[in-house]
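Visitor: Just so you know, the protein sequences line up as chains A and B, in that order.
Counted from 1, the first sequence has number 36 at position 36 by the numbering used here; the numbering is strictly sequential.
Counted from 1, the second sequence has number 53 at position 53 by the numbering used here; the numbering is strictly sequential.
Keep in mind that a hint or two might mislead.
[Said to hold, decoys possible] Within a straight-line C-alpha distance of at most 20 Å, the following computed SDA-like cross-link-like pairs (lysine to any residue) qualify: (1) A:Lys152 / B:Tyr106; (2) B:Lys153 / A:Arg162; (3) B:Lys153 / A:Lys61; (4) B:Lys149 / A:Leu82; (5) A:Lys61 / A:Asp79; (6) B:Lys109 / B:Ile158; (7) B:Lys149 / B:Leu88; (8) B:Lys153 / A:Trp172.
Read the hints as simulated data drawn from the structure, not as lab findings.
Here is what each chain is made of, one letter per residue.
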Amino acid sequence: MDNTNSLYAGRLVRLGPLDHEKDPPVVARWTNDPLFRSVLVDVARPLSVEAVRRLLEKVEKQMEETKNLFHFTLRLKDDNRLVGLARIFWIDFHNGTGVLNLGIGEASDRRHGFGSDALDLLVRFAFNDLNLHRLSAWTGADNLPFIHMAEKSGFEIEARRREAVFHNGRYWDMLHLGLLRTQSEKKQ
Amino acid sequence: MSNAFFQGRLVRLSSEDPLVMAEAFARWNQDSEYFRLLDSDPAHLWSAKKMKEWFEKDLDSALPNNLLFSIRTLAEDKLIGFIAFDGLNWTNRDTFVAIGIGEQDYWSKGYGSDAMRVMLRYGFTELNLHRISLTVFEQNPRGIRSYEKCGFKLEGRIRDFLLRDGQRSDMLHMGILHSEWDSLEQEWNKI
Chain A
1 MDNTNSLYAG RLVRLGPLDH EKDPPVVARW TNDPLFRSVL VDVARPLSVE AVRRLLEKVE
61 KQMEETKNLF HFTLRLKDDN RLVGLARIFW IDFHNGTGVL NLGIGEASDR RHGFGSDALD
121 LLVRFAFNDL NLHRLSAWTG ADNLPFIHMA EKSGFEIEAR RREAVFHNGR YWDMLHLGLL
181 RTQSEKKQ
Chain B
1 MSNAFFQGRL VRLSSEDPLV MAEAFARWNQ DSEYFRLLDS DPAHLWSAKK MKEWFEKDLD
61 SALPNNLLFS IRTLAEDKLI GFIAFDGLNW TNRDTFVAIG IGEQDYWSKG YGSDAMRVML
121 RYGFTELNLH RISLTVFEQN PRGIRSYEKC GFKLEGRIRD FLLRDGQRSD MLHMGILHSE
181 WDSLEQEWNK I
């Protein structure tokens, strides 16, 4: 096993920094898929390369200034190809809490275990390095792949905010999932 | 013209100049019991001057997703607290509501519940919201009971959300749907 870079490297993917040259065109392509909405913007809309470039610069600036955001790119270990974005945000170091969010950009890259691998990396990073006590993740009740993936990593549904989110012509429940460090350690 | 729209049975919702609101907040926040029920941030004593700047900035924002009202008693026109829609989401027609009664003499006497009912009516009939949400800490049974009385239902429990005095405690999510409020409002109007 490769232990040299284990903080950022999983089985299939690694957590990496942004590449402001090469990443914007790839991410701009992803924004045409409404399923990718939650990772960068609240409401689904296709973004131009320039809009994405500015957005990603803003993200890194925010990371620098607020200190309560960690944003990563997800890259394949094999060929370093960008496959997704992930972040831990709203970090409250004082209470030891944070919120996690991740998305795999291309439909053809989903269901290969990349997200699951990245999720475990982020969980380990949050608990072992950021010293957080708990992690939250929010998603619409229709996002079954994410819910299943999170549950596999030990997340439990803690709250169901009824009819709190609207898309595809109807209201959906908003699920708040949570994982405690104490539970995560038992699982490993 | 009647201002009944912003008026309840004990209180009315009003708007204050930034300085008045800032001085009230600076006074109330020195009550650590009040502050700990209100916020997950570490207790912080900001000056009235600094808070006035924040309230002034709110005045200048064009499309507010944050609506703040003061709560004044009908009997003495006394400023006793605030209530606010925080994080209005127009796509989802959802918002979080926050309330604080800074004057402890006015706790547990129905002032907060009255203000909340006025706020619900405003949110559902004027802003056309679909639901209204709130979070409350488990060590605030007074608040939880008041919200239940206003029609909020418990929607979940965020485990170990707070760390205070070495103890972990939960944060509760509560919510009320427009449809649920409709039938409650009819009941309230009969009383």
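Visitor: Each hint should be assessed against the structure and marked as holding or not.
Guide: Hints versus structure:
1. For the given pair, lysine 152 of chain A sits about 48 Å from tyrosine 106 of chain B by alpha-carbon distance, which is inconsistent with the 20 Å threshold.
2. Between lysine 153 of chain B and arginine 162 of chain A, the direct Cα distance comes to roughly 10 Å. Compliance with the 20 Å bound is thereby established for this hinted pair.
3. Between the alpha carbons of lysine 153 of chain B and lysine 61 of chain A the distance comes to roughly 39 Å, so the proposed pair goes past 20 Å and is violated.
4. As the CA atoms of lysine 149 of chain B and leucine 82 of chain A are separated by approximately 51 Å, the hinted pair breaks the 20 Å bound.
5. A hinted pair counts as satisfied when its Cα atoms are at most 20 Å apart, and lysine 61 of chain A with aspartate 79 of chain A does not qualify at roughly 28 Å.
6. The hinted pair formed by lysine 109 of chain B and isoleucine 158 of chain B fails the criterion: a straight-line CA distance of about 29 Å is larger than 20 Å.
7. Among the hinted pairs, lysine 149 of chain B with leucine 88 of chain B is inconsistent with the structure: their alpha-carbon atoms are about 23 Å apart, more than 20 Å.
8. A hinted pair counts as satisfied when its Cα atoms are at most 20 Å apart, and lysine 153 of chain B with tryptophan 172 of chain A qualifies at roughly 17 Å.
Checked against the numbered hints given earlier, this structure breaks hints 1, 3, 4, 5, 6, 7; the rest are met.
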